[in-house]
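Residue numbers (my numbering), protein chains in the order written: chain H, 378 to 757; chain Z, 378 to 757.
Possibly wrong hints are sitting among the right ones.
Remember, identical chains collapse to one label, so a pair may be satisfied in a single copy or spanning two.
DSS-like mimics (lysine-lysine), calculated; alpha carbons at most 27 Å apart, straight line [unchecked claim]:
(1) K469 x K666
(2) K469 x K704
(3) K506 x K704
(4) K678 x K469
(5) K737 x K552
(6) K654 x K487
(7) K636 x K666
(8) K555 x K511
(9) K678 x K737
(10) K737 x K704
(11) K632 x K487
(12) K704 x K674
(13) K670 x K552
Keep in mind the hints are simulated off the structure, nothing from the lab.
2 protein chains.
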Amino acid sequence: MPKFSMSVPAESDGCVPIAELGRRMARFRELLVDRQLDAAFIIDPRNVRYLSGFTGDDSAALITRHGQFLLTDFRYIDEAARTAKGWTVVIKPHGLMEKCGAVARRRRVKRLGIEPGAMRLTDLPPLRKACDGKVKLIRAPGLVGELRLQKSEWEVQRIEEAIRIQERCFRMFCKELKVGVSERDAAARLHYLLVTHGADDLAFDTLFQVDASSSLPHGRPTQRTLTTNSMVLCDWGVRKAGYHSDLTRMFFFGKIDSKLRELHRIVREAQLSVFAKLAPGVDLAEIDKAAHKVIDKAGYKENFGHSTGHGIGLHIHEQPLLSVRSKGRLGEGMVVTVEPGIYLPGVCGVRLEDDVLITKTGCRILSSLPASLRWDGSDD
Amino acid sequence: MPKFSMSVPAESDGCVPIAELGRRMARFRELLVDRQLDAAFIIDPRNVRYLSGFTGDDSAALITRHGQFLLTDFRYIDEAARTAKGWTVVIKPHGLMEKCGAVARRRRVKRLGIEPGAMRLTDLPPLRKACDGKVKLIRAPGLVGELRLQKSEWEVQRIEEAIRIQERCFRMFCKELKVGVSERDAAARLHYLLVTHGADDLAFDTLFQVDASSSLPHGRPTQRTLTTNSMVLCDWGVRKAGYHSDLTRMFFFGKIDSKLRELHRIVREAQLSVFAKLAPGVDLAEIDKAAHKVIDKAGYKENFGHSTGHGIGLHIHEQPLLSVRSKGRLGEGMVVTVEPGIYLPGVCGVRLEDDVLITKTGCRILSSLPASLRWDGSDD
């Protein structure tokens, strides 16, 4: 593959409606004013996509109070015209940093916000040089992240679309599974079903963990195979038009061990106790505590070592984090995973994960697969 | 998927032999001395893997003149013990930057090399704070990259293994292809074949471009389908034990258009002229010029807009770049792609790509698929 043509993953049409882009940009410009910035230089590809609708990579956005410039290269001329509606497309002859400096100076930007979590140390010298002392660089962490917290109706629809695909394929997949199939082959088959049934890509590498594999906090698919009484933890997701979904289900072949059934019941109870709490204004740390409280009380305090959930959107892991260490509160329009689990080292792990939208008064669970499935895909 | 358990892609055993790691570390310590550094802090995951053999992510390596520390977290205790032989594993309670500062101070490091192309602006303040004025941070670009240029025999074997898998699967894949299959479904099927026949993952998203799609400099698989007289450009690769392979082949259904046959001949001639030049000591820019010369002479100067090749190894695109803008020369043990192409906008693109090892006196082509194939996988 030629270096210049690093391919961008296949995407469905993915054009963001003009009205949607307009609303995002209006809110972003309010933030610029609040932070006393004349302009912002955005290089995180997800943030570039959020603001401009542009789906390519190796590109950047420069937004001034009155103008919006997409800095890209010759590969993306057509795509920029199609997706970044209302943007001035600047085909960069040199690097992004040089081009940003040149446009910022021409537009007489005095205070330029930059993304410190996305820029590398090697980016700064060429950017400073191109700014030639005329433009002051201001670190502006979370500038776009703040906006991305609250999903619009259009964004929620994209996430729901991803969930529908992953649920539909999962039912097909379960029906096909047979004793003797390895974790690796099963994960490969699920991948194939997803991308041939509407997914642009996986949201992340599927975890398909059989029996004791499920107790590993990070499971790579192995050659372990399904046996007559196997239990499976499957954590999978879909990317559709840039948006991610993320679910986890357990399922059982043959006889269901009574201990597993009990763990599953506790985890489900923890999940339900979280659903009952989710609403705008609720403290993020309190939500995490609610899940842990149920599991602690059941005697598995040491066996739930992660936080209860995370935001999903243009990134598979984004704000807000439902963690005891999180500051802040839930807000309407946030979309989060709720995924308590119990892990018994070397024995098994049980986790359930659903995707949930925070509504005006509470929450709406976006996923619809039953919490427990028989191996053949029927409800338990 | 819980945030803490971002899964690492499936990998074959992938343990680097101890002797191999020892040689790498001895060479790396020579570089430390040359650059007057007491230690280096490595965070690029591929560089961490190269030096330590460790296959996880979210980790870092701190190498002093006499010690080697793998900074990781609780998820990777077992994996670090298995892969990073001879390393002191430091389970970080806080961030990597804090841990690095603490170890560096304890080891009385005065001059610590850092990777400016891998570190973000947000990494620097916590690292500086943890160093507490006792450790000077020295930007050391390309410290590990320099070593990775020259592949060992063991590394070449890993790349060859990846190539064998991708070639074997490609023959199976071609035999299965039928008129009516879409680019997306074909790419999904090839993915499935590769990961169920020994690949740890794809080296990159497959380009499977039918007819006019092939003229796009970056091709995402679309719903375009194979027809009776279609031509396909397929650019695909495999990752095996961390190492990447990368090939491009053209193939034809039914009748082969005489114009396409002519373009194919020219591109092949360009490739052969490069193979004839490859040897230690040859200027990188001269190699690129050799390929362009053939294509320019045939009248397609404007239709070959990329450089002739790039290094492959732990990264799909690494040094050396076979570009007219490259400084430097080829050396024994480098592995590069050779991939000239001709692109006629809206009509077609023709590219051939092979992977080549630079030997003591010339080169050895590692890939073995014939330059041209009939659609059924037989040689043309």
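Quick rundown of the hints versus the structure:
no. : hint        : result
1   : K469 x K666 : between (49 Å within a copy, 24 Å between copies)
2   : K469 x K704 : between (40 Å within a copy, 22 Å between copies)
3   : K506 x K704 : between (38 Å within a copy, 23 Å between copies)
4   : K678 x K469 : between (55 Å within a copy, 22 Å between copies)
5   : K737 x K552 : neither (38 Å within a copy, 56 Å between copies)
6   : K654 x K487 : neither (46 Å within a copy, 52 Å between copies)
7   : K636 x K666 : within (24 Å within a copy, 68 Å between copies)
8   : K555 x K511 : neither (66 Å within a copy, 60 Å between copies)
9   : K678 x K737 : neither (33 Å within a copy, 61 Å between copies)
10  : K737 x K704 : within (21 Å within a copy, 60 Å between copies)
11  : K632 x K487 : neither (69 Å within a copy, 62 Å between copies)
12  : K704 x K674 : within (25 Å within a copy, 65 Å between copies)
13  : K670 x K552 : neither (36 Å within a copy, 57 Å between copies)
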